[in-house]
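Visitor: The residues making up each chain are set out below.
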Amino acid sequence: MPPRRKNNAAVKVEDVGFEVDAIDSGSEDEARKRSKNRRAKPQRRAKQVSDDEEDEEDEDEAPRKRGRKKKAKPRDSDEDDEDEDKRSVKRKASKASRRRAAKDESDDESEEDREKRKRGGEATSKKGKEEQNKEKKGNGKRKEGKDKDGEKDKKKKNGRMNSSSSSSSESEEESLSEGEMAALKEEVEEKKKLIATLRNKPWRMKRRLVLLKEAQEFVEKFEGALGKGKGRKLYAYKVMMAKKLIKFKRDFENFKTACIPWERKIKDVESHFGSSVASYFIFLRWMYGLNLVLFGFMFGLVVLPEILMGLPYGSIPRKTVPREEQPTAMDYSVLFDFGGFCKYSFLFYGFYNNERTMGVLQFRLPLSYLLVGVGIFGYSLMVVIRTMARNANEGGDGAEEGDFTFSWKMFTSWDYLIGNPETADNKFASITTSFKESIVDEQENQKDENIHLRRFLRVLANVMILCCLGGSGYLIYFVVKRSQEFAEMKTENLSWLEKNEVEFVMSLLGLVCPPLFETIAELEDYHPRIALKWQLGRIFALFLGNLYTFLFALFDEVNAKLEREKSIKNDTEWLLNQYYSNYSSHFNTTDVPPPNADPADVVRGPCWETGVGIEFVKLIVSDMQVTYLTILIGDFLRAVIVRFLNYCWCWDLEAGFPSYGEFDISGNVLGLVFNQGMIWMGAFYAPGLVGLNVLRLLTSMYYQCWAVMSCNVPHERVFKASRSNNFYMGLLLLVLFLSLLPVVYTIMTLPPSFDCGPFSGQEKMYDVVMETIEQDLPAFIGNIFTYATNPGLIMPAVLLMLLALYYLNALSKGYQQANIDLKKKMQMARDEEKNRRNNKDSTNQVMKDLEDLLPNKSLMPPPTEDEPPPPGNVVVEKGSKSPKTKPGAAGKGVNLQKDVSLAAPNPRGPVTRAPGPRGGPHGNARGPQPGPGRGRGRGGPR
Amino acid sequence: MGNKQTTFTDEQLEAFQDCTFFTRKEILRLHGRYRELAPHLVPLDYTNNPDIRVPLTLITSMPELKENPFRDRIVETFSEDGQGNLSFNDFVDMFSALCETSPRELKTIYAFKIYDFNRDNFICKVDLEKMLNKLTKGELTPEEVTLVCDKAVEEADLDGDSKLSFADFENMVSKAPDFLSSGST
Chain X
135 MPPRRKNNAA
145 VKVEDVGFEV
155 DAIDSGSEDE
165 ARKRSKNRRA
175 KPQRRAKQVS
185 DDEEDEEDED
195 EAPRKRGRKK
205 KAKPRDSDED
215 DEDEDKRSVK
225 RKASKASRRR
235 AAKDESDDES
245 EEDREKRKRG
255 GEATSKKGKE
265 EQNKEKKGNG
275 KRKEGKDKDG
285 EKDKKKKNGR
295 MNSSSSSSSE
305 SEEESLSEGE
315 MAALKEEVEE
325 KKKLIATLRN
335 KPWRMKRRLV
345 LLKEAQEFVE
355 KFEGALGKGK
365 GRKLYAYKVM
375 MAKKLIKFKR
385 DFENFKTACI
395 PWERKIKDVE
405 SHFGSSVASY
415 FIFLRWMYGL
425 NLVLFGFMFG
435 LVVLPEILMG
445 LPYGSIPRKT
455 VPREEQPTAM
465 DYSVLFDFGG
475 FCKYSFLFYG
485 FYNNERTMGV
495 LQFRLPLSYL
505 LVGVGIFGYS
515 LMVVIRTMAR
525 NANEGGDGAE
535 EGDFTFSWKM
545 FTSWDYLIGN
555 PETADNKFAS
565 ITTSFKESIV
575 DEQENQKDEN
585 IHLRRFLRVL
595 ANVMILCCLG
605 GSGYLIYFVV
615 KRSQEFAEMK
625 TENLSWLEKN
635 EVEFVMSLLG
645 LVCPPLFETI
655 AELEDYHPRI
665 ALKWQLGRIF
675 ALFLGNLYTF
685 LFALFDEVNA
695 KLEREKSIKN
705 DTEWLLNQYY
715 SNYSSHFNTT
725 DVPPPNADPA
735 DVVRGPCWET
745 GVGIEFVKLI
755 VSDMQVTYLT
765 ILIGDFLRAV
775 IVRFLNYCWC
785 WDLEAGFPSY
795 GEFDISGNVL
805 GLVFNQGMIW
815 MGAFYAPGLV
825 GLNVLRLLTS
835 MYYQCWAVMS
845 CNVPHERVFK
855 ASRSNNFYMG
865 LLLLVLFLSL
875 LPVVYTIMTL
885 PPSFDCGPFS
895 GQEKMYDVVM
905 ETIEQDLPAF
915 IGNIFTYATN
925 PGLIMPAVLL
935 MLLALYYLNA
945 LSKGYQQANI
955 DLKKKMQMAR
965 DEEKNRRNNK
975 DSTNQVMKDL
985 EDLLPNKSLM
995 PPPTEDEPPP
1005 PGNVVVEKGS
1015 KSPKTKPGAA
1025 GKGVNLQKDV
1035 SLAAPNPRGP
1045 VTRAPGPRGG
1055 PHGNARGPQP
1065 GPGRGRGRGG
1075 PR
Chain A
2 MGNKQTTFTD
12 EQLEAFQDCT
22 FFTRKEILRL
32 HGRYRELAPH
42 LVPLDYTNNP
52 DIRVPLTLIT
62 SMPELKENPF
72 RDRIVETFSE
82 DGQGNLSFND
92 FVDMFSALCE
102 TSPRELKTIY
112 AFKIYDFNRD
122 NFICKVDLEK
132 MLNKLTKGEL
142 TPEEVTLVCD
152 KAVEEADLDG
162 DSKLSFADFE
172 NMVSKAPDFL
182 SSGST
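Going down the list, the sequences are from chains X and A.
Take the position in the first sequence, starting the count at 1, then add 134; the result is the number in this note's numbering.
Take the position in the second sequence, starting the count at 1, then add 1; the result is the number in this note's numbering.
Derived from the structure by calculation, the hints contain no laboratory data.
Everything numeric in this text was worked out from a predicted model, so none of it was measured.
A virtual CB, placed ideally from N, CA and C, is assigned to each residue, including glycine.
Not one of these hints is a red herring.
Below 25 Å or equal to it, Euclidean Cα-Cα: the simulated DMTMM-like pairs (lysine to aspartate or glutamate) are:
id, chain 1, residue 1, chain 2, residue 2
1, X, Lys399, A, Glu37
2, A, Lys164, A, Glu145
3, X, Lys390, A, Glu15
4, X, Lys340, A, Glu27
5, X, Lys326, A, Asp11
6, X, Lys543, A, Glu130
7, X, Lys347, A, Asp11
8, A, Lys164, X, Glu966
9, X, Lys377, A, Glu15
10, X, Lys570, A, Glu140
11, X, Lys378, A, Asp19
12, X, Lys347, A, Glu15
13, A, Lys126, X, Glu967
14, A, Lys26, X, Glu397
15, X, Lys570, A, Asp128
16, X, Lys957, A, Glu155
17, X, Lys957, A, Asp158
18, A, Lys67, X, Glu796
19, X, Lys959, A, Glu155
20, A, Lys164, X, Asp965
21, X, Lys340, A, Asp11
22, X, Lys383, A, Glu27
23, X, Lys372, A, Glu12
24, X, Lys957, A, Glu106
25, A, Lys164, X, Glu967
Sample of chain X residues with no beta-carbon within 12 Å of chain A, all distances over it, derived:
id, residue
26, Ala370
27, Leu438
28, Cys476
29, Arg490
30, Thr521
31, Arg589
32, Trp630
33, Gly679
34, Tyr713
35, Arg738
36, Ile767
37, Leu787
38, Val828
39, Ile915
40, Gln951
The shape of chain X in the complex, shown without the other chains (with noise of 0.2 Å):
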C-alpha cells in the first residue's frame, strides 16, 4: 500500500504541473494538442525501439529471434512485445513501408502472448508498469522538450505530430540508434538500480525473487548488446569485472559481519534484559575495537622496535634494576606494585633508549614515541566523534517534545528485541505505568501541592552531594600527599595499606558514593529519567574531581622529584668532570674511555615519567580487582545466598530484601568511560597500559555477560536505550579531552628525565620533532616550519580560524531556519492537500473539463476499485490493462495499477495514472511521501 501512495505523490506531482501549464495557456485547444503529442510521444518511441530492434536483427539475426523465443527470458519477451505492439498498431494507423516485417514480428509475439497470458498476473501486472513507467518517461521528455522550445516551436511539433507524426518519426528512426542506445542503456541502469534497491521495498519475498530474477535477466541479455565491435569486448569484460566485483563485495560484507565479535553473546543479554543492557555491551564491545587500533599502534610502532631492534636488557642503566633494588626485584609483592623488573621493563617509559635511529632500518624511536603518543589521541578524537555523527544522523529528525507524546508511548514504546517473559512482564508493567502517569500529568498539570518543602529538600540534596563530592576530592588529595610522605620512608616499615592506600581509597569511594548519591537523591522525588540523569552526572563529578585531584597531588609530585632529579644531575655531571680531570691528569690522555661501572651501579635519577606510568597502571588495576570482586560479591555470591538460603529462610529471599541485583547501567558505563580515560592519559607514560587494558576488556566482556545472565535480574522498570549511545558517546568525548589536557601540558612544559625514556638530553620533549626537522629534512622544509612557526602568521591563522567558526555558526543557523520553514510548507501542502481533497468536486474546475476531454474516459476504471482488495488474496494483480487494449486508441495515459497493500498482497506497480487527467476522486491520494521506493525522478523498475 505504500507504494500505491508513492506513485500517487508522483502522479499528484505531474498533475500539478500539468496544471500549471493548462492554465498557463488556458485554451482546451492547448490541452487536446498536448494530450495528442502526448500519445504521439510514447508511439515514436516504441518506433525507436523496435527500429533498434530491427537494426540488431539485421546484425545477427538467428539469435536473436532464438532469444526471442526462448520463454526463460520473460522479461525481455514482455518489453519486445510491448513495443512490438505498439508499434504494429502504428504502423496499421500510418501505412508506413515496412509493413511485412512487421507482420512477421506481430505473428511472432502474438505467439509471445498467448505463452505469456498462460503465465498469468504477474507478467500482466509487470507489463502494465511498464507501459506505465514508458508513459512517465515519455512525459517527462514532453515536458523537457517544451521547456526548451518556445511556444512556436511547440506549435509547430504539435502541428507535426498531428499532421504528419508517421514521416516525421520515421526521418528520426535513422538518427536516433544512438539514442535507442543510451535508452537501452539506461533501462540496463534502471534494473540494476531495482537489483540494489530491491531488499528495501516491501513487497512479498516471492514477487522480489521473480523480480530480481528478470531485472537479473534482462541486465544479462543487454549488457552484451550494448557495444559494437571492439568495444563489445571492452564492454563484456567491464561487465564480467562489473560482476565479479560485486560477488567479492558481498563476500567481504559476509567476511565482515562474521569477523564482529560477541554478536549473538550480546543479543542474547538483548533479550534477556532489553536494550539498554545490551547497550553497555555493544559500548564495551566498541570499546574493544578502538582499544585493539590503539594497541596496534602502540605496540607495532613503539614497543615491538625497541624489543626487536634496541639494545638488550641489562645493557645501559635505564635497562637493568639498580643494585639496590636486585634482591627484591623478583618478589611477588614487588612485581605486584609494578616494582623490581616490572619497573624496568619495556612496560614503562623509563626503559625506551634515547638513540636516534637504531636498528638496520634506521628506526627513529623517539620521533616514533612521541607521534604514537599524539597520534593516540588523534585517532580517538576522530573515532568519537566520527561515531557521534554518525549516531547523530541516525533516528529522527527530532520533533518538538510534547507533540506525539501518547503516540509515540503506543507506537514506539515497545521494545522488540524482548524474549524473555519476566523481562516483558516488567515492560507491560512499566508501559502501564507511564501511560497511566501520562494520564495523570494530562489531567492535572498544574498540580503541585508543596512546592516549598519539595524545593527545599531538592536544595538539601544537592548541598548534601556537594559535601560528599567536596570531602572525597580532599580524601583523596590528603591520601596521595600521605603517600608521598610514605614514599620517603623506608618501603619495609609500610604496611600494605599504606603502600596502597591511593588506590584503595579511590577505588573505596567510587563503590560508596553513588549508592550514596542515589539514596540522597530519593529526596528530591524527580521523575525517574530526570533522576538518571542527575544521578549520571553526579557520579560523573565524582569521579572527575577524583580524577583531578589525583593529578594534581601527582603534579606536586613530579614538581618534587624534578627538584630532587636537578641536584642528582647536577651530582653525577660533577662525578662525571671529576672524573674525566682524574683520569686525563692521572694518564695524560685527552682520550678519555667512558666510565667503567656495572650498568646497576650508576647512579640515576627518580625518573618522574615511570613513576606517573606506575601510579596509572596501579589505578588500573585496582580498579579492575574492585570491579571483578563487586560483581563477584555483589551479584554472584548475593545470588547464590539467595537462591539457596531461601529454602529455609523466613521469609522470601527472592522477592523480599535482598533480592537479586540489577544490572547498574550508568555505573558500568562511566567506569567504562573512566577506565578509557586512564588509558589515555596513562599510554604515553606506560606504553604497556593499552595492552593490558584490551585484556581487561576481553576478560570483562566474558564476566559480565556471564554475571548479567547468570545472577541478575531484568530492570524493574525496563526502558529503552534511546539514542544514550551518543550519550554515552558525549561523556568519552568530554573525558577524551579532559585527559588530553595534562599529557599535553607535560609534554610541552615539564622537562623530561636526564636519564631515561626516549627523551632524555632534551630540553623539552617536542624537541625531537624540531631536531628531526632541522637534521633529517630538506632544508627549506626546516624554513617552512620556522615560518610557520612565527607568531606574526598564528595570530593571522588563529583569526581565520575564528572567521571560519564565525560564519559556520551563522551558515547553520541559516540551515536551522530555512528548515523550519520548510517544515512550515510542508505542513501547508498537507493542508492544502487536504482541502483539495474534501472538496476537490467544486474548486478545480479546469481539471475538470480537462478530464471531460479525455477520450474515451470510460475505460477509465471507477475509483472505487482502486481500494484494496479483501485480504487473503495471494497475488491478485489487475493490471487495469489488459494486454489485448488496443493502446492507440485509448490514450495510453489510462493506466490504472491496482491498488498495492500488504495485506492483500499487490505492492508493485507506481501507479502513473493518466497524466492529464487529475482530482479522479483517488481518496487516498496523499501529499509527496519520501520512502524507499521511487518518487518521480527515478523511474520504478521498467
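Start from chain X and add chain A according to the hints.
Guide: What follows is chain A alone, placed relative to chain X:
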C-alpha cells in the same frame, strides 16, 4: 548448516541475499530455525522451492516473538495468505524487515500494517484500543483507554478524519526519537 546435503543452491542464496538484509550464513541459520519449528513438515532440501507453510501457532512460539504482544499481527502481516501461515519466503521476509539493518522507511510501512488490526489501511480507534490493551495487558480502565486513544488520535491525525492514515503515521513515527523495532536472528 554443517550437513552434507545442500539446503539451497548457490543461486538461491544469492537471490536471497539480494532480496534481504542477510548474509549467506544468516539465511542458512534462518532455515535451520524454520525447520526447527516443524521438522516433520519442512524438508532440509529447499533447492526446488517446496510450497510449505508453517502455521501461526508454531511461528509465534519462537523466542523472538513469544513475548511480543503483537506477535499474531506480525505473523499475519507477513503471511501471504493473511491467516498467519508462513512459507519460508515469508519467514525470511519477516526477519529481513525486522532486522537491524533494514531502513526506517521499510519498518514504518510494516509497522503500520502490523498496527492496522482490522486491515482497512487506517489505524482507527478500534485498532488503537486493541493495541493499548495488548500493550498494557488490559490493566487500564476503559475510560483511560478511551482517553489515551483520543489523545493519540488528536496528536497524530493531521487531516481530521479521526483515524490515522499512513501519512499521519509516518509523519508521527519519523519524528519519534526511538522508533527502532529490531529483531534478532
